[in-house]
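Novice: Since the structure of chain A is provided, determine the placement of chain B on it from the hints.
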Amino acid sequence: MFDEPFAHGSSPVHGLDPRVRLAMAGIFSVCVAMLREPAAAGAALLLAVVILALSAPPMKQLCKRVALVNVFIVFLWLTVPLTMPGAPVLTLGPLTASREGVELVWLATLKSNAILLTFLALVTSMDSPTMGHALNRLGAPSKLVFLFLFTYRYLHVIADEWQRLLTAARLRGFALRTGMHTYRTIGNLLAMVLVNSFDRSGRVYQAMLLRGFQGRFASVVRFKARRQDALFAALWLIATAGLVLMDLFPEAFFV
Amino acid sequence: MHISEGVLSAAILGLGAALTVCGTAIGLRRLDYDRLMTVAILAAAFFVGSLIHIPIGPASAHLILNGLLGAILGWAAFPAILVALMLQSVLFQYGGFTVIGVNAFNMAFPAVLCFLLLRPLLSRPGRMRTAGAFCCGALSVAGAALLTAVSLAWTDQGFLQAARLLFLAHVPVMVVEGIVTVLAVSFLYKVRPELLLFAAGPEGGRHA
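Order-wise, the sequence lines are chains A and B.
Position in the first sequence (first residue = 1) + 737 = the working numbering.
Position in the second sequence (first residue = 1) + 164 = the working numbering.
So that you can see chain A by itself, here it is in the shape it has in the complex (with noise of 0.2 Å):
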């Protein structure tokens, strides 16, 4: 049900170490985040699509994420030039968009892009278990790390439950309408989803128990940072510090 299209290739990003990836690709966003100039936004879209193609991922499935990400973003180019106040640009009988509006969603627009496509190609194309373990050496709480591999760990469980009591209830001649009908089943059905969710933390956590858990986690996974692993950063931080430079001297590259 939640499959992992990206997760699985041969190319030369998958074969760099998951803490690497995850680290430049946090730098990254945040830089990118501060961006105000458009050309410097535009530059990082372009770095961003450069690391995507190279770690070749399925397009298909590429262009359906990409598309459904946009969609906040198609809100608000639908919304904020329409409602800005500023300097015309375009009128349409009564609606007229404003410049203002338009190069602030312009700018959002070319930031959420960058952030998403370096994310696709960086961050995605590790699987779950093995970026809760790198977000573990890489410092994060280790109780976050566990509550996140048991909730991935459970979600397929959990998500076959629910479509497991979803069919019960459709032979039964059940159909999703607006009403109190509807309302009130979905809420039984979910809160019988959550009565066995909590049952069944319970048997998970007392096998485990059995099998000598003591809080910590015993992990098979090794990491080995190579030196193509140094290269891959040391050229991902030259270009994020010139994204920075570009947007705080935007006269010197554009002379």
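Since the hints were derived computationally from the structure, they do not count as laboratory data.
Be aware that a few hints might be false.
What the hints assert, rightly or not - Taking CB as the label site, the calculated pair distances span:
no., chain 1, residue 1, chain 2, residue 2, range
1, B, Gln321, A, Leu805, 27 to 35 Å
2, A, Pro878, B, Ser173, 25 to 33 Å
3, A, Gly916, B, Ala333, 14 to 22 Å
Just so you know, even glycine gets a beta-carbon here, dropped at the ideal spot from N, CA and C.
Specialist: Chain B only, in chain A's frame:
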């Protein structure tokens, strides 16, 4: 409800991240590994629950369920919501590194606030519980929508109308969410009341 990456200003992003770190630290400090497992599996259940699309008139909306999560988990709703959002960003790419603090705070803070304020009502039987559960569900969504709108409006005045529209679009969701929370809470009280005592402390919500 998710704000995308690259939209908000640095000040809002930093503030959201700092507040989420505090909330998560409080939530995690009160949990030992025994209870942590329950939080993990309930967080997974809420993740699945938030994928349910419910028809409201001609449109449909997905449940957010932060109110119900807060009513059950209390402060532990902070780490649970943070983890659920992390998984949403890995699995569906909604949100990412920089905006996750703001999104997690926007959803978790109203839920914890409702828990703290409405807790006394929820433990009483009858009408009081119904009213408490409805407010818990509806106000948590209202608070989340309000905080989301405020984060947008504080970033840039130009987002003001879009933020207002976003809040208004969530009004029907608030009502439905309130109703579903009432029904789920009354079901839980009949079937497994110890689940609703989970947030009361290490003694509450233990498995027999």
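Novice: That 25 to 33 Å hint for proline 878 of chain A and serine 173 of chain B (C-beta), does it hold up?
Specialist: This hint holds: roughly 28 Å between Cβ atoms.
Novice: Do the Cβ positions of glutamine 321 of chain B and leucine 805 of chain A conform to the proposed distance bound of 27 to 35 Å?
Specialist: holds (29 Å)
Novice: Within 14 to 22 Å or not, the Cβ separation of glycine 916 of chain A and alanine 333 of chain B?
Specialist: Roughly 21 Å apart at Cβ, these two residues keep to the hinted range, so it holds.
Hint compliance for this structure: no hint is broken.
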